[in-house]
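> Each chain, written out:
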Amino acid sequence: MARFVFVESRDPYESADCRHFLDLIAGVRRRSHEVTLFLVQNAVLAAREGASTAGAYSDLAKAGVAVVADTFALRERAVDRLAAGVEPTGIDRLVNLALTPQTRVIWH
Amino acid sequence: MTIGKNLTVAIMDPPYESATTATALRIIDAALRQAQVVTVFAYEGAVSLTMKAQQPQANPVKGTTVEQEEHPTTKDWVAGLFALARQTGAKLDWINCGLCVDERGAGETIEGPRRGSPKDFFEAVKLSDGVIVIPTR
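Going down the list, the protein sequences come from chains A and B.
Under numbering that gives the first Met the number 0, think of the first position of the first sequence as 0, with each following residue one higher.
Under numbering that gives the first Met the number 0, think of the first position of the second sequence as 0, with each following residue one higher.
Mixed in with the good hints there might be a few duds.
Ranges of calculated distance between the beta carbons of each label pair, as one might list FRET restraints [as the list claims (entries may be wrong)]: (1) A:Glu86 with B:Lys125: 32 to 38 Å; (2) A:Arg80 with B:Pro71: 27 to 33 Å; (3) B:Gly97 with A:Tyr12: 34 to 40 Å; (4) B:Val60 with A:Ala1: 50 to 56 Å; (5) A:Arg30 with B:Thr63: 52 to 58 Å; (6) B:Gln86 with A:Thr70: 22 to 28 Å; (7) B:Lys125 with A:Gly49: 44 to 50 Å; (8) A:Asp22 with B:Pro71: 36 to 42 Å; (9) A:Arg76 with B:Ala82: 26 to 32 Å; (10) B:His70 with A:Tyr12: 28 to 34 Å; (11) B:Lys61 with A:His19: 40 to 46 Å.
Chain B stretches covered by chain A per the calculated footprint, using a threshold of three residues with CB under 8 Å from any CB of chain A [stated by the list, open to error]: (12) 17-24; (13) 32-38; (14) 125-131.
Worth flagging that the hints you see were computed from the coordinates, not collected in a lab.
Each residue gets a CB set at the ideal place from its N, CA and C atoms; glycine is no exception.
With these hints in hand, go ahead and build the complete structure from the sequences.
Right, here's the structure in full:
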């Protein structure tokens, strides 16, 4: 089992390929790898509670993906409620994840 | 806390264009606060982040002076990272791609960055415990 950290910086309202990125993440998780989805910048907008896209993040969390959102990006965008399964976290967690052995970081 | 591991970060976005710049610098900041060894490979437009001649600006629309505006420059942010490394005992090795520097005339930098090549990135990756490549769009 390998570890993957997928960093999403875009939101699906501006980039249609965000959906394919989520498909990729779900596929990697289905292969039983340890997967984290780290939302930064405008990507946090799509994980707002009530957003039309929020369910996709909750589904990933239910599938065992750790879905986290950068607190700095959340504060900048006044997002204080997240979809079920999405947890706020600091950017230092991304550093720790990147330094965890056998981990690949993939940025979108 | 992880101490003294090697993290390599590759960045490509030029200054003042993308939120990615702030995110990348925050990642580097977080690593330096953990006393990690951080190698930054600035490629393409990112070599301009450390250009010494950057100047803050006033805001004529608001009528504020340079001092009042406190306009941030990326060279000052990067200088702050070097200062942080000295403070925490971390190591920051900032490499600007030489070919990219020449193309952009970005050779006059603040104190700290050095000139290198993609080979330096390759060597840094081989020695790294973790790698984050942040591409442009």
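> For every hint, state whether the structure bears it out.
These are the hints, each one checked on the structure:
1. A:Glu86 with B:Lys125: 32 to 38 Å: Since A:Glu86 and B:Lys125 have Cβ atoms about 34 Å apart, the given range 32 to 38 Å holds.
2. A:Arg80 with B:Pro71: 27 to 33 Å: holds, 30 Å
3. B:Gly97 with A:Tyr12: 34 to 40 Å: About 39 Å separates the Cβ atoms of B:Gly97 and A:Tyr12, which means 34 to 40 Å holds.
4. B:Val60 with A:Ala1: 50 to 56 Å: Roughly 51 Å apart at Cβ, these two residues keep to the hinted range, so it holds.
5. A:Arg30 with B:Thr63: 52 to 58 Å: holds, 55 Å
6. B:Gln86 with A:Thr70: 22 to 28 Å: Distance hint for B:Gln86, A:Thr70 holds at roughly 23 Å.
7. B:Lys125 with A:Gly49: 44 to 50 Å: Holds - the Cβ-Cβ distance for B:Lys125 and A:Gly49, about 46 Å, lies within 44 to 50 Å.
8. A:Asp22 with B:Pro71: 36 to 42 Å: holds, 38 Å
9. A:Arg76 with B:Ala82: 26 to 32 Å: With a Cβ separation near 29 Å, A:Arg76 and B:Ala82 satisfy 26 to 32 Å, so the hint holds.
10. B:His70 with A:Tyr12: 28 to 34 Å: The hinted range 28 to 34 Å holds for B:His70 and A:Tyr12, with Cβ atoms some 29 Å apart.
11. B:Lys61 with A:His19: 40 to 46 Å: holds, 42 Å
12. 17-24: Result for this restraint: holds, n = 3.
13. 32-38: holds (count 3)
14. 125-131: holds (count 4)
In terms of the numbered hints stated before, the structure departs from none.
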